[in-house]
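Protein chains in written order, with my numbering: chain A, 3 to 231; chain B, 311 to 695.
Treat the hints loosely; a few may be bogus.
[To be verified] Derived DMTMM-like pairs: lysine to aspartate or glutamate, alpha-carbon spacing no greater than 20 Å straight-line:
hint, chain 1, residue 1, chain 2, residue 2
1, B, K554, B, D566
2, A, K144, B, E596
3, A, K144, B, E645
4, B, K471, B, D507
5, B, K324, A, E147
6, B, K488, B, D421
7, B, K493, B, E600
8, B, K554, B, D491
9, B, K475, B, E508
[Said to hold, decoys possible] Per the computed footprint, the stretches of chain B lying under chain A, defined by three or more beta-carbons under 8 Å from a beta-carbon of chain A, are:
hint, region
10, 311 to 318
11, 462 to 473
12, 591 to 603
Simulated from the structure, these hints should not be mistaken for lab results.
All values derive from a computational prediction rather than experimental measurement.
Each residue gets a CB set at the ideal place from its N, CA and C atoms; glycine is no exception.
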Amino acid sequence: MSESMVQVTNVTKIYERGTQQVEVLHGLTLQIPRGDFVALMGPSGSGKTTLLNLIGGLDQPTSGEVWVGGSRIDRMPSGQLAAWRARNVGFVFQFYNLIPVLTAEGNVELPLLLTKLSAAQRRKNAAVALQVVGLADRAGHKPSELSGGQEQRVAIARALVSDPQILVCDEPTGDLDRKTADDILGLLQVLNRDHGKTIVMVTHDPKAAEFARRTLHLEKGQLLEQSAA
Amino acid sequence: MTKTGFVIANLFRKRTRTILTLLSVTMAFLLFGLLQSVNYLFSAGADALGATRLMTQARVSFTQSLPLSMVPKLESVPGVARVAYSQWFGGIWQDNTPVFVFSVDPARYHDVYPEYVMPEAQWREFARTRTAMVAGRQIADKYGWKVGQHIPISSNIYPQKNGSKAWAFDLVGIFDGKDEDWKKRTNQVLINHDYFDEANQFVKGRTNFYILRLTDADKAQSVIRTVDAMFENSLDETKTQTEKEFNLSFVKQLGDIGLIVRWILFAVFFTLLLVVGNTMAQSVRERIPELAVLKTLGFSDGAVLGFVIAEAFALCALGGLVGLVLASLAGAALEKGTGGQFALHLSGWVWLLGLITIVLMSLAVGLLPGLRAQRLRIVDALAGR
Ligand SMILES: Nc1ncnc2c1ncn2[C@@H]1O[C@H](COP(=O)(O)OP(=O)(O)OP(=O)(O)O)[C@@H](O)[C@H]1O
Ligand SMILES: [Mg+2]
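Same shape as in the complex, but just chain A:
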């Protein structure tokens, strides 16, 4: 855990709303070691999603540096950044964001269309990922035929399938009941412990945060003290 997976240095993020400027992150610095599982908590509007998007390479900071997995991504051109995301990051969202016209298997296979893998190899990798999340028997189901927990497992399988170094999860259990949420969090724990994935997870739920190795608190765009889980 010595090597740094995420290094955010002196990052500022300013959104422009018409003529108004909103500064969401103010010179934020953060370091996450490889293999860590971090919960990111904080009041609504404190900038959690903003920070997560910067780490995942979905957005870029107004100033400061963002290094993830050894690459500097804060100034990467968008085409390069897209290719980088495909190789290095898995995303899990609160509302699963599956493609409704594709089956579970199709959804999981989708990111592999960006690789050079053969059709047979793609299908095999998708099947393995669905197995890891315990949904091998639902491969042919459309998202509308799955429960919320199952949909989120498919989403996690999709995030895993290209074997990224880091998973970023924005309130992955925000829409699930306690029992289902605990299952999903348990799954994330397994992925972190047994598969060595570094995980950054935004959550509002202190119980969810307990599954992480440590919790960071964000308030008004600034990190508070760190507490070990």
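Use these hints to put chain B with the ligands onto chain A, whose structure you have.
Chain B with the ligands in isolation, oriented as in the chain A frame:
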């Protein structure tokens, strides 16, 4: 799953809407195929290349007749091998079924149309018997005519000398076409011109048109020029054209076919652009978050644009190809129905134009929504902004 599979899956996300849109595309291309074929048929007429027979009629209209004294003059034109003539009789079978009846010189007609086959004995019988008629296989079968029958056919134009419009002829032969193509053109009846000329009340020594059989196909242009020049400024000015042009000249009188076709197609495709464009725009609008997910997963802006254009193309190509195939089937049916008079099969040229239209239309309807998808910012789209 493949990229193509993904595009198709997206296309059928709203099944009813897609099917309705596909139907409009299909209808438009069906119309396109048929009308362009018609247009092509009419515009291609001017090509005299390869014509082995020419038709000469009065310059003003083929309803005006020409004197039979022209025969030797026509025969003297270099490149003309044989001359036949044919007079429109205006036949009516039974109460009021119009039939194609032409009065001809049997021997000349036989020489000029070797494509029609009938036993030589029957050709001779046709020439010998004044009241003879011969019928094409199709029309004979249709009305159940048998050789040896005395067949009443009246004329709505020419009364006999006694004033009666009722005529009757002895069926002495039934001719057929030498191949499939010509078998379809056996829907007419021929009668003996000598008899018609003598027995009718109105015309004497005249005919509606001449049929010139050429010595070589490459003589067509020069024969057309020589013949029409020969009778220029005479009482009987002529218009000579290829058989194909001649057949089309009937319909050409309806107006500028090309212009009509262009306007109809313009209206149809303008409407189609709106319909398909709207479908594409809606389809992209309602899945902005999904497109953002694609980008999140690492698909580039260009790839997302590509997906949308590919979807537009799939829509246009699927509907368009079905439409063009239907048009060629309908064209074939029409060709069969008219006894080969209108060879309305889709030429390679119409297919090519159709395919180009499909590609252009895909771009026209896919580009705007595609660019919107391309420009989409992930974080905004995911947050529903
Ligand atoms: N694209 C944007 N344009 C303008 N303002 C934005 C944009 N994205 C976020 N904001 C603003 O930045 C602030 C932080 O937003 P962010 O989504 O990071 O908060 P959050 O901590 O994830 O909140 P929540 O817990 O509600 O998800 C909010 O005030 C939000 O309105
Ligand atoms: Mg948030």
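Hint by hint, here is what the structure shows:
1. K554/B with D566/B: holds (17 Å)
2. K144/A with E596/B: Holds, because 18 Å separates the two Cα atoms, which is no more than 20 Å.
3. K144/A with E645/B: violated (49 Å)
4. K471/B with D507/B: holds (11 Å)
5. K324/B with E147/A: holds (17 Å)
6. K488/B with D421/B: Judged against 20 Å, a Cα distance of about 14 Å means the pair holds.
7. K493/B with E600/B: violated (60 Å)
8. K554/B with D491/B: Holds, at about 14 Å.
9. K475/B with E508/B: Within the cut-off at roughly 15 Å; holds.
10. 311 to 318: holds (count 5)
11. 462 to 473: Check failed, 0 qualifying residues.
12. 591 to 603: holds (count 3)
In terms of the numbered hints stated before, the structure departs from hints 3, 7 and 11, listed from lowest to highest.
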